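Letter by letter, the chains look like this.
2 protein chains.
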Amino acid sequence: MPKINPGRLLSDLRRFAQFGAYRTGVHRPTYSKEDMDSRRWLAQQYEAVGLQAHIDGVGNVFGMPHSERRSLLIGSHAESQNHAGWLDGALGVIYGLEIARAFAETPDCFGLPIAPVAWADEESHYIPLLGSRSFVGDIEEAEIDRAVNVDHGLPLRDALREAGLASVPRSLVEPGRHVGYLEAHIEQGDALEASRKRIGVVTSIVGIWQYSIVFYGIQNHAGTTRMAIRKDAGVAAATLTMAIAERFPEVAGPRSVWTTGRITLEPGARNIIPGKAEMLFQFRDSEMPVLERLDAVLGELVEETAIKTGCRADIERTGTGKPWHMDPAFQAAIETAAALHAPGAYVRMPSGASHDAQVVGRKLRSAMLFVPSIGGISHHWTENTNDADLVLGCQVLADAAETILRGEST
Amino acid sequence: MPKINPGRLLSDLRRFAQFGAYRTGVHRPTYSKEDMDSRRWLAQQYEAVGLQAHIDGVGNVFGMPHSERRSLLIGSHAESQNHAGWLDGALGVIYGLEIARAFAETPDCFGLPIAPVAWADEESHYIPLLGSRSFVGDIEEAEIDRAVNVDHGLPLRDALREAGLASVPRSLVEPGRHVGYLEAHIEQGDALEASRKRIGVVTSIVGIWQYSIVFYGIQNHAGTTRMAIRKDAGVAAATLTMAIAERFPEVAGPRSVWTTGRITLEPGARNIIPGKAEMLFQFRDSEMPVLERLDAVLGELVEETAIKTGCRADIERTGTGKPWHMDPAFQAAIETAAALHAPGAYVRMPSGASHDAQVVGRKLRSAMLFVPSIGGISHHWTENTNDADLVLGCQVLADAAETILRGEST
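From first to last, the protein sequence lines are chains A and B. Under my numbering, the residue at position 266 of the first sequence is numbered 266, and the numbers go up by one with no gaps. Under my numbering, the residue at position 308 of the second sequence is numbered 308, and the numbers go up by one with no gaps.
So that you can see chain A by itself, here it is in the shape it has in the complex:
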């Protein structure tokens, strides 16, 4: 049985957090100097375990075993959100490294090839899930040509050139080469903590359906236009927000979530009745019928709001991600390992966030493990997890990896 080294694991996690250290978290945007330094450091560590390391044309870092046998990819993404936490992504990346080491040090695991991986730009600085999508062949060159940084607007092509990746080929999945993919991640919610569990066995990753909803009213003077004749697009947006808050709970699933992340009123002046209101809205669920039901109800509510407020409404679906179910046998392997190391302290649960596993899962059998987030906090520099949980998660994933690779070899 592979035995991970808790001290080395924690020390590497802390070392990795020095790349772009920010308060108690990190600021390591994709292709920044800190991000590329962290990727080169990873490649060195992979080499030191006896793996063949390379950074591909979008910055994915692979550590490939010198083995004829099919290997198990283990990793996550290396970059961070802006001024965010030290574990989001990094946890799964360093688990991959530590498990590769543990296997290399365990004589009877010698022939079981672990391939650690660090994906690029899961966090959408340029293109959401860019690295894993590139790996499964889901990114055209034209999409890379068009992409710009969401914060400073500079082209992705320039960033890749700056990072020294302009003429490096992108690595594509070869299904015959890999058994599958395992990813560990912090939960980023409070479900584990609230139920006093320490390991989440991810059953599925939610589908995210995104919308841009625009109401067109009549822009006019806020002093001289009588209330009776107003068509206020901002009031329409508020009306819809409240209608959603009232109706969605009646038709949603038990874990459905929905969010209006942005409301923009135009022209946005104190003394002008808004003529236009745009809402960025999304909902998530792990079941397709629930997503379709929410979509239908949203359409009805937008129409009702338009009639009620006298505003014209446009609704555009900007994303309809399918939920993705994790591989049942991989889930079972994680669950068995969790039952051994944390009896009674694990639970099956869907993931409310996107992860590279949902992309890789399209081509390779995949599964995920969650460790708790203290206070449910993530995407913030105060994000954290207890050391004991960090260690436990890695050991459980290592055991699961062994089970999967042994199953493969028989």
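These are calculated hints, taken from the structure and not from any lab test. In this text, all values refer to a predicted model and were calculated from it rather than measured experimentally.
Each pair may be met inside one copy or between any two copies, as identical chains are not told apart.
Keeping only pairs whose Cα atoms sit at most 30 Å apart, straight-line, the calculated DSS-like set for lysine-lysine is:
1) K363 with K322
2) K276 with K231
3) K308 with K231
4) K308 with K276
The hints should help you fit chain B onto chain A, whose structure is shown.
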């Protein structure tokens, strides 16, 4: 009786609209080249009527009669909103010029001194009602030092230097020198048109109470944070907007208006639950007790919303303008003239918009006349008024001016 010249009036209005012509409207921001050209043109016209013209240190243009008797100021503001209408401000300015000419041409009006005036920056490119506030002594040098342009952020001091006004003194009201102030303006609403009236006799100018209302929720991941534990600041803003829409009609006056002009959610990302929501809110009424009642109810609703949504709320009053009642004798003079020239087609009404008359009114007896806005449209380049109404309004104001000045002389 002074007889205005309709052809000359319309021709001057159209000439004035060439300064910064934009589609069928104008773009003539305060202290822009077009604005300063228009002010210099006005000064020339004032001189041509035999008045002593000068442009003061904030750009106000005065045409002062060579007379020992107290004169009647007549005017409005010369600049426009950005890419807006040709009559907003310009109407009252050109009325002042035409009435000065009509009096100069009418032998028995000879001794009745008309002082046309064009105020600067009523439209808030730098400081709302800057010109008239400067005239009544309500602007300190420090406020001018601090002010910047709302669009491009350049300092007011630089704009004044550029306009050649840096070392020109600001003219201050000398109450013994003026009988009072008359201002004509387009209505900027549809009340006249809807009731088929052609002249509005303004009874009062509303007080505008402005608020910045901020809700603080908990910013978190839009996928992993369960609905049950969310504190969504955006939902709080929508809740308040709807609560206002429901409760305000019960306590408002018949002409009260209220508007949420802007809602800003932070961080404003699709996939993050807003941790902060800021609303710019205002209401207007011409009666102080109504304003105070709305203020009290708003405070209650903000508190109720905070309790209901679990968000903390801050409410700040950023403006509490007093409503201003027009001089009764001046109103009567306008009404009598309207009854003569437009029998049955005039009405007393409050002004829902701010005007220089509410500022000048603090020091001099003041009154206002409205002409209809086609479709109630203003602050837009399609703003317009029928020629017949443009002419009528000027004749009514001229008659009212005569009545006021004759009353003064007896």
